Amino acid sequence: DDEFEKTNTNPNAVTKIDPEYLFANACLQTMRGNGNKYLQFPFATQYAHIYSGQNNSMFIDRYYDNFTSHEYRDVFEGFYYGPIRHVQEVLRLTKPGGDYENPVRYAMARIIAVMNLVQLSDAFGSIPYRDGGLGQEGNLYPEYDSVETIYKDALDELKNAITVLNTASSADGFPGADPIFSNNLENWRRFANSLRLRYAMRIRFVTEEKSYAENIIKECLAAPLIEENSQNVVNENQDSDIGEFQNPVYSHYDYWKWKMSAFFVDRLKLLNDPRLEVFVKPNTAGEFVGLPNGLSNSALPDWDLNTVSSPADNLVGKAAPFYFMSAAEIWLLRAEAALAGISQENANQLYQTGIRKSLEQWQVDETIIDTYLAENTNSTLNGSTEHRFEQVCTQVWISVLPNAMEGWNTIRRTGYPKIQQREAPDFDLGITNGNLPVRLRYPSSEVNINHSNYLKALEMQGEDLITTKLWWDVKN
Amino acid sequence: QEKISLKVENMNLENVFKTIHEKSGYRFFYSDDLVDLEKIISLDVAEAGIEQLIEILKTKTNLSFRMMEDQLIVVSPVGEKHGVMIKGRVTSAREPQGLPGVNVVIKGTAKGVTTGMDGTYSIEVPEEAVVLSFSFIGFQPQEIAANGQRELNVVLVEDIQSIDEVVVTALSIERDKNSLGYSITQVGSDEINRAKENNPVNSLAGKVSGLQITKSPTGVDGSSRVVLRGVASMLGNNRPLFVIDGIPMDAGFGGGGRWGGKDSGDALADLNPEDIESMSVLKGAGAAAAYGSRGANGVILITTKKGKNKRGIGISFSSGYTVEKPMVTPDFQNEYTQGAFGYYPSLSGNPPKPLADYPWIWSYGEKMEGQTLVNWLGQEEQMVPQANPYDAFFRTGSSFTNTVAFDGGTDRTTFRASITHQDSKGIMPNNDLSKQTFNLRGFSKLGEKVEFDSKLTYIHSSVENRPYLAEDGSNVVQSLAIMPRNITLESLKQNTADAEGNMLKWNTDNTFANPYWILQNKLNEDEKNRFQGMFSVKWNATEHFHLMVRSGLDYTNSSSKDYENPGRPSIATGQGSISKGMGNSMEWNSDFLGTYDKRFNDFSLNLSLGGNYRYNKYNSISQWGSVMRVPEMYNISNYRNYGTSEWFSKKQVYSLYALGQFAFQNYLYLDVTARNDWSSTLPLENNSYFYHSENLSFLFSEAFKLNWEWLTTGKLRASFAKVGNDTGAYEIAQYYSLSQTQTDYPLASIGGQLPHFDLKPEETSSWEVGTNLAMFKNRLAVDFTYYYSISDNQIMNVDLTPSSGYSSRKMNAGKLQNRGVEVQLNATPVETPGGFSWDVILTWSKNRSEVMELYGDMEFLPLAEEFHMSIQARPGEPYGVIYTTDYKRDSFGHKLIDKNGFAQAGEWKAMGNINPDWMGGINNQFSYKNLSLSFLVDIQKGGDIYSWGKAYMGLFGTSAETLEGRAEWAAGTGGFIEEGRSESNGQPNTIPIEPTLRWYNIYNKQIGTEWIQDATNVRLRELVLSYNMPSRLLAKLPIDDVNLSLVGRNLFFLYRAMDHFDPESGYNSGNTGNGIEHLSLPSTSSYGVNLKINF
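Those protein sequences? They're chains S and B, same order as listed.
Note that my numbering has the first sequence beginning at 1, numbered continuously upward.
Note that my numbering has the second sequence beginning at 477, numbered continuously upward.
Incorrect hints may have been included.
Pairs of lysine to any residue, SDA-like flavour, derived with a Cα cap of 20 Å [stated by the list, open to error]: (1) B/Lys1236 with S/Gly138; (2) S/Lys475 with S/Gln420; (3) S/Lys6 with B/Tyr1094; (4) S/Lys257 with B/Ser1046; (5) B/Lys829 with S/Asp302.
Simulated restraints, written as ranges between beta carbons of each label pair [what the hints assert, rightly or not]: (6) B/Ser1164 with S/Thr9: 17 to 27 Å; (7) S/Leu270 with B/Trp1123: 55 to 65 Å; (8) S/Asn283 with B/Glu966: 33 to 43 Å; (9) B/Ser1027 with S/His70: 31 to 41 Å; (10) S/Met460 with B/Phe1124: 46 to 56 Å.
For the record, the hints were derived by calculation from the structure and aren't laboratory data.
Quantities reported herein were computed from a predicted structural model and do not represent experimental measurements.
Glycine included, every Cβ here is placed at the ideal spot set by N, Cα and C.
Bound-form chain S, shown alone:
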């Protein structure tokens, strides 16, 4: 028996490990992993009308939904097998009573868990949130939680994490293995609080939750938020031949080769936005031309795709960073809160700060920034409250890039920027009759194996269609 045990001891791996190394992996997978990558590209970038599909693989852009065995699954599995599996393991090891019990590490891991699960929920709606990713603990058929449960729990979790971090010593964090903030707990607190603000803003239009959401927004505004670009949640990349230091979208783009969306290019042109050149590569004639999303087969051949602009290196280049959350977004959300009367801050000032932070984030020349803010009518909130609201939402939509998921979220949450219903024959109407899809369908693997929980989820949420709106998607 001893001999057998010795023979069956795996020399290729270990059975015990410091959770620090799992945490570092979870953080990197959150931003670099397949889940985020496949959700952003091709889904969110096309639904947010940043990119247009151009070739055979443009079904997603055309609002079709039959990808349950592949593209939807890639997203779903990308999250659960990547950051969620690994962060759940960190939680299991650091929780009270765990082999590596540590409340600070637990709190930090909780933030990573929440940011992944909520992002996944924003794509699919109900998902196994409390029970998800716990296969290690024997939970092989996790139950689904409603979007409402997910959001409320996430808001609580973040609050608890902030409370722990407020008094934590950084020595108890992840001093050697924090790829996001290098164990700067101050930044972690700001991030957790900003994430909480993002979530609270997301649900504020749900009638029954109005005061609940606004109270949380006020709590968030009273505590430190991300204010500077140095506090951004970002995955920096390098112009390196080493894959792990490259922008993961770089090689992904090689396959999909999206073009810039005409909607995006035209909107930035209309706004005279200096970020046009940041995001869009000019064509050979030096022009910025976008391709309309969802063209039909009969209309597409009228376009010479060689003259349409591709995404700039800032988005798809080897060294392009990936921003999960930036100061600009938070300033703009504060502007929105002010506009809605939740805070007493100066909405226009916040709005301009947001734009400035975004332009600075992309290293736009300071004089251009000053000129733009001083002279462009769009850089000042104007017109009706609704128009001002639209201005803020449009700026959020632009400034979150390359996190197009937040762009699509913004469109669904606020109705801005407004995506028109598509019409035949120039456009393929997909299976939504030309309406923007509002969620992804569950992958076939989940439907097959976790069948009864899947059915229960549909009872709560409605049919498993890309037209079924999420709980917080109530406006327009």
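Model the placement of chain B on the given structure of chain S, informed by the hints.
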């Protein structure tokens, strides 16, 4: 004459004779029945001649002695009439030197002798008017009346029907086939070598009922899918176990995946057909239970040739040359150019070229009528139809094999040594194989009681440029199949790269490359060194007890290299890449087997006790690099980005087994086996598992003494077996691995597979019943079997729901049953005294599988996937059902067509089944004197294959069927009209659609109906014309035997239901490898000539 001195006291007669024999060389020949050997005598003679000695013996016994030639003394009781000695030599056509071991019996008595090593015999018969009967296994018995002759030379004739009488069974035990309670088919060396395949297992196709062999068209060393009696393990290995001279050989499957890769072959190709004496196919678990778990899918036992005892050294030389050509190539349309919607692409860029993006790379352009257009290179060119690109692209493959074998020996020691060299060129222009096999076999009797057997085999093979498969961006076949019909192959060949070395191609999709660029720049090579060694010692301790101890090793060292030059328009690999691997695998088996056999009157038994220790070790290291710095240097140091990984595993299994055979008279036989294994891979508390089998054989023709004219022998048999199985190394604990990374901190990962801490061994139970009937003096033999097997508690990686965070878990789950019928008929319809004979072997089998259970409330288990389809296991359905989206249909099954004339997507449902309804083979052999002609027709009825090649060719407009409606659309008189009913009014659809959109529509809606193809086919698998040079022509030469044969394999289809491709077109040889076609190489026909000379 020699003088003998002898002094013995109180010695029995038998020993006295022995003593005299030792001292003088004289042998005493007597019959035990007549001479009282226990009689005690004493002798004391000095310096006596043999005659004197005999005189003394006469006085001391009541015997008479007669001196014969060759120092032989015949002893008989005094008073008995003195017999007559008859002697002679028994030979056969194949053994003109003499056939050893033939039974020579005086008819009507039990008295007989056997022939010696040189085929000679001598027998004392009581009177001259006797009849001698000569019998030997595998030959028709002969009876010859002596009629006063003193020398009878006999030529025995081989008996085709009864050639299987003695078969090699589990643990290499030779058995009388009549005594077996299970189905077994043995194929001899002639049949294997008649139409030699590089992979000898392929020569079994169509010859063994219940055996399905599918060769993958994946290059010169491609693997073969081998399944006996259906798939039993849903996700596990279903290949039978291969055992060579008692030593199991690891024979994993090969092949690419859906997204590409290449077929690195399987170990079966390492078997050298020239060295094989016989292959025994043990089909069911009953036959194979002695091998334990690994025999659950049946066993193919391979016995290699031993040397023969003959005068001098025998040399045999055999040489074969074979050429190979594509057998089935797709039907291309040959009328329309690149483009879409009837238009040639517009031009863009500098210089202006046709748009290289979708849909303009399709072949839905203008009609080719000699008009001049700008081609993909930006040059003006006349548009004319192009020949089938397969014809020009592939070369004629060839294979040249030479073997020299030496054998020889004495009656104590034999040896055989052989060297084989094989050079093969595949039809892919740069795909070559070179292989050398050295084989040495020695057998020796040490003294009277010890036998020593040993074998050494060394195999070296190297293969260059195995083709890339399926959706791989380097699959050149895929590029050929979808290439616009106006583009000339020559233009691709002349323009592979621009001045900067970037690949030139007509499209922007990385999936489809310039095939000639790939041939020059995407290369691979691998090399394998395999060593197999075995020795065994057998001790015949007493007449009834034998002990065998054996140890055998199978060790493989392999290395591979796969590299690509810079130039591909791909970010990931476009700057040059390499991957290298090196691995060593070892399996070491040591076993012993003690056997006791005893006969009591009507009852005989044979009991064996054995044990086996198996040790497996595997280690590998691999490296990869990208971004090449200096051209043409494929060393890892020349790459900027690189990584490496390694793997190590080992496993041990201890086994003990017991076998018992009981026979009652000559008609009732019972075999039982019991085996227990202890495996290192299972949890300690569950690591022991037991299996057993019971097999019964009843020869009713003997039992009831049926003297029916038409029935020679009749047998009923039944078998039951239960076997278990373990798992791989390191699967019962959770591990963290470290990612190779250049970050400052280590990154730890948890694998996606959850371990099962409480794994149990899996169980397969099976039973079979059958009958063997030999009729009309063995002119017709029927072998019929019905079997049933059920595999439960299967150890598999069950897919978990993704939200559990883990993709799979090792667990005991799933239940799968198989049942089926196998029939084999051997007949000799015609046999004339003039030397003409016609033999037929017919095989037929049918297997039905049913998935009984999966795990939990899992609806289905995905087995394999391809675009828009999935092969699944679902409870209540056969294993391997093809699911895809059907057309939307009305209740009568008509397609429902929308208002624009398009078919629509309907239900996702079972649309096909990868399992054939039945399989059969008809093997005819006509022989006339030295000439024989044989052909094998191989039939598969039913079974479906999903043809993605057809889908791509439809989408891209290169296949013949895409022509439909194009002329009408161009003329404005119509278009493609989808057959079906209008969804709005229920009338037959009449709305024409643009033909480009017809296939695009199906593709876009992911409808798979059109791609499900019927795999039914009837092919001429093998045709052999063989000529044995008459021995009288050779009499003056030092040559014993010359055989020349012309061989064709896989020649043509008598019937094929599938469009464009051979149904044997998978890209791997795994469990569902026969269910998906995805533009592998075309299957090939081969024509060859084999010459064999024995000196």
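So, going through the hints one by one against the coordinates:
{"no.": "1", "hint": "B/Lys1236 with S/Gly138", "in the structure": "18 Å, holds"}
{"no.": "2", "hint": "S/Lys475 with S/Gln420", "in the structure": "15 Å, holds"}
{"no.": "3", "hint": "S/Lys6 with B/Tyr1094", "in the structure": "16 Å, holds"}
{"no.": "4", "hint": "S/Lys257 with B/Ser1046", "in the structure": "11 Å, holds"}
{"no.": "5", "hint": "B/Lys829 with S/Asp302", "in the structure": "17 Å, holds"}
{"no.": "6", "hint": "B/Ser1164 with S/Thr9: 17 to 27 Å", "in the structure": "20 Å, holds"}
{"no.": "7", "hint": "S/Leu270 with B/Trp1123: 55 to 65 Å", "in the structure": "57 Å, holds"}
{"no.": "8", "hint": "S/Asn283 with B/Glu966: 33 to 43 Å", "in the structure": "34 Å, holds"}
{"no.": "9", "hint": "B/Ser1027 with S/His70: 31 to 41 Å", "in the structure": "50 Å, violated"}
{"no.": "10", "hint": "S/Met460 with B/Phe1124: 46 to 56 Å", "in the structure": "49 Å, holds"}
The structure fails to meet hint 9 from the earlier list, while all remaining hints are met.
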